[in-house]
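Novice: So the sequences go chain by chain: U and P. Per our numbering, residue 1 is the first one in the first sequence, and the count goes up by one each step. Per our numbering, residue 75 is the first one in the second sequence, and the count goes up by one each step.
Careful: at least some of the hints might be erroneous.
Said to hold, decoys possible - In silico SDA-like pairs for lysine to any residue, Cα to Cα no more than 20 Å straight-line:
#1 U/Lys28 - P/Gly438
#2 U/Lys64 - U/Tyr13
#3 P/Lys199 - U/Asp53
#4 U/Lys56 - P/Asp439
#5 P/Lys199 - U/Asp34
#6 U/Lys56 - P/Lys199
#7 P/Lys470 - P/Ile482
#8 P/Lys470 - P/His409
#9 U/Lys15 - P/Gly338
#10 P/Lys199 - U/Leu58
#11 U/Lys49 - P/Ser239
#12 P/Lys167 - P/Leu179
#13 U/Lys15 - P/Gln282
#14 U/Lys15 - P/Val331
#15 U/Lys15 - P/Gly281
#16 P/Lys192 - U/Met52
#17 P/Lys199 - U/Glu61
#18 U/Lys15 - P/Glu240
Stated by the list, open to error - Here are some chain U residues the structure puts well away from chain P; computed CB gaps all over 12 Å:
#19 Pro18
#20 Thr25
#21 Lys26
#22 Asp65
#23 Glu67
#24 Glu68
#25 Leu69
#26 Ile70
#27 Arg73
To be verified - If you anchor each label on the Cβ, the simulated ranges turn out as follows:
#28 U/Lys15 - P/Thr471: 53 to 63 Å
#29 U/Asn51 - P/Leu283: 27 to 37 Å
#30 U/Lys28 - P/Tyr168: 50 to 60 Å
By construction, these hints were calculated from the structure, which means they are not laboratory data. Glycine residues also receive a C-beta, built at the ideal position from the N, C-alpha and C atoms.
Spelled out, the chains give:
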Amino acid sequence: MIDNRLLELISRYLKVNPSKISSDTKLKDIGAQDWQIIEMAMEFEPIFKINMDADKALSLEKVKDWEELINNRL
Amino acid sequence: MADNGKKLKDIKADLDHALIVCNENKERINAIIKEFRQLYPDISVPSSSEKIIFDKNLNDDLINALGVLPPSKLKKLKKEYTNSVPAFPPFDKYDIFLLVLLGGLAGLAEFLLVGKPKGTKWVPKAEGGIIPEGWLSERIKSFQLPENNFLSKICKVPYDKSIISEAGITPSNHRLLSFAHDPSVLGLIFGLMDIWSGGMSGVTRNGQLFHINTQIPADAKKMFFAPLIWLGHLVSDVTTPMGLPPPGWSLTQLLHVPAPGAPGNATIADITRLMYEQGYDFRHYLAGAIVPGLVEIIISVYHFVRYSYPKINKTKDNIITPDTALNQIDELQMHGHKKAMLFWGHATAAAINAGKVAIQGITGDYLSAARSINISQWQMFALRTIEYIHYKYRNKTVEQILANRPKINDNWDKLINNYPIYCLMKDEEAPGV
Chain U
1 MIDNRLLELI SRYLKVNPSK ISSDTKLKDI GAQDWQIIEM AMEFEPIFKI NMDADKALSL
61 EKVKDWEELI NNRL
Chain P
75 MADNGKKLKD IKADLDHALI VCNENKERIN AIIKEFRQLY PDISVPSSSE KIIFDKNLND
135 DLINALGVLP PSKLKKLKKE YTNSVPAFPP FDKYDIFLLV LLGGLAGLAE FLLVGKPKGT
195 KWVPKAEGGI IPEGWLSERI KSFQLPENNF LSKICKVPYD KSIISEAGIT PSNHRLLSFA
255 HDPSVLGLIF GLMDIWSGGM SGVTRNGQLF HINTQIPADA KKMFFAPLIW LGHLVSDVTT
315 PMGLPPPGWS LTQLLHVPAP GAPGNATIAD ITRLMYEQGY DFRHYLAGAI VPGLVEIIIS
375 VYHFVRYSYP KINKTKDNII TPDTALNQID ELQMHGHKKA MLFWGHATAA AINAGKVAIQ
435 GITGDYLSAA RSINISQWQM FALRTIEYIH YKYRNKTVEQ ILANRPKIND NWDKLINNYP
495 IYCLMKDEEA PGV
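Bound conformation, chain U alone (with noise of 0.2 Å):
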């Protein structure tokens, strides 16, 4: 089950159904280029109040390493 917020955004900035969208799609899979990859993180970096940079944001590679980074934040 991806959190409600992180869907909503994902599929926002990337254009995507959030139907298509679950917790083991690839970004790159749905569409997103390493840019706007790196843009969604300076977006949810104050959102979810995480820490991000550039090469993190392009490490994680599935939905649900957003996920986990989301719910491990301190």
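Got chain U; can you put chain P on it based on the hints?
Specialist: Okay, now just chain P, sitting in the frame of chain U:
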């Protein structure tokens, strides 16, 4: 010049006189025409004196005279006349040497001083890079103040909301997406509007304009000091890690058209936003201005030293002499020469920048290549190009008249010497006889 003017006056008087006499001597004219046709069979000549319309107006006479020339000759004359004044005075070997030298200097400044902007944390470390961070850009950006510096506390503004999720506004891009943060006249106008109304105006990440109310409208005191508050807020932001966007950059967020060659159908708005988010800010824009600045200063100093000399345009009594016109034309052409040098200087510098972008583009990283563009240089090149075109297509009538005058005078002399115009007059009427 004065002699020529006098000579021309004399010729005009003679011609007027001759034409009056001519009207009285149609038979003689017909004889002359006959003789003329024998001498110049390839030129069409009116069949009789009736077709020659004499007018005391010299211009009309010249037009009529031209009317008897064949089209090919007319075309040749027109071409000769038009080309008599070049669009720009030609460069000599010193001018060309300076431009080449300037190209070398601009190249050094472009690669070593401007380079690429120092990246923010949103630049991947693995980014391939041939072009180094510019020394000057790095030095300017190294001076940083925290986000909550003292000036930001004094100059609080309603357009500083940094998270509006629905609009795609984040702390990294809110200054780009709100018009009032633009360090330009556009920013001032929106800054005043937003401060007075207590709102925030801008453009969403998707390119839609918005205005939201963020606080109560300003009181009288805040309204009065709004320009200072706007300026103070910009100053407080410029030295923060994200800095301010380059002037006019917020307008690029309206350009939702595909950027040529960009990955993933990125638009121009996406690329310019990413450029800012990755470190291309107002400070780097200023650092980039060193190149057009060098071109402007070196050419201006060279031109001043080499081409400026005192000219006497007027006499003691402020009377305009024939030399005045020539001096003014000379000055105009020197302006043109400088404009041409500036144009070619900036064209060279812009070409060097294009080369820098291409070299960075070899890495295949579109965004790092985009961040190698020197916007300051291209803006200056665009400005000088407009001036160059404007000057090239100026009205050159006066210059052409003055340039052709000696030739016309020579031809009058030849005409008088080779063709017995005075034979039309009675001997006692011919001047100087």
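Novice: Each hint: holds or not?
Specialist: Here is how each hint holds up against the structure:
no.: 1; hint: U/Lys28 - P/Gly438; verdict: holds, 19 Å
no.: 2; hint: U/Lys64 - U/Tyr13; verdict: holds, 17 Å
no.: 3; hint: P/Lys199 - U/Asp53; verdict: holds, 10 Å
no.: 4; hint: U/Lys56 - P/Asp439; verdict: holds, 18 Å
no.: 5; hint: P/Lys199 - U/Asp34; verdict: holds, 13 Å
no.: 6; hint: U/Lys56 - P/Lys199; verdict: holds, 10 Å
no.: 7; hint: P/Lys470 - P/Ile482; verdict: holds, 17 Å
no.: 8; hint: P/Lys470 - P/His409; verdict: holds, 14 Å
no.: 9; hint: U/Lys15 - P/Gly338; verdict: holds, 13 Å
no.: 10; hint: P/Lys199 - U/Leu58; verdict: holds, 11 Å
no.: 11; hint: U/Lys49 - P/Ser239; verdict: holds, 14 Å
no.: 12; hint: P/Lys167 - P/Leu179; verdict: holds, 18 Å
no.: 13; hint: U/Lys15 - P/Gln282; verdict: holds, 16 Å
no.: 14; hint: U/Lys15 - P/Val331; verdict: holds, 17 Å
no.: 15; hint: U/Lys15 - P/Gly281; verdict: holds, 14 Å
no.: 16; hint: P/Lys192 - U/Met52; verdict: holds, 18 Å
no.: 17; hint: P/Lys199 - U/Glu61; verdict: holds, 17 Å
no.: 18; hint: U/Lys15 - P/Glu240; verdict: holds, 13 Å
no.: 19; hint: Pro18; verdict: holds, 16 Å
no.: 20; hint: Thr25; verdict: holds, 17 Å
no.: 21; hint: Lys26; verdict: holds, 15 Å
no.: 22; hint: Asp65; verdict: holds, 17 Å
no.: 23; hint: Glu67; verdict: holds, 18 Å
no.: 24; hint: Glu68; verdict: holds, 21 Å
no.: 25; hint: Leu69; verdict: holds, 16 Å
no.: 26; hint: Ile70; verdict: holds, 15 Å
no.: 27; hint: Arg73; verdict: holds, 17 Å
no.: 28; hint: U/Lys15 - P/Thr471: 53 to 63 Å; verdict: holds, 60 Å
no.: 29; hint: U/Asn51 - P/Leu283: 27 to 37 Å; verdict: holds, 33 Å
no.: 30; hint: U/Lys28 - P/Tyr168: 50 to 60 Å; verdict: holds, 58 Å
Checked against the numbered hints listed earlier, the structure breaks none of them; every hint is satisfied.
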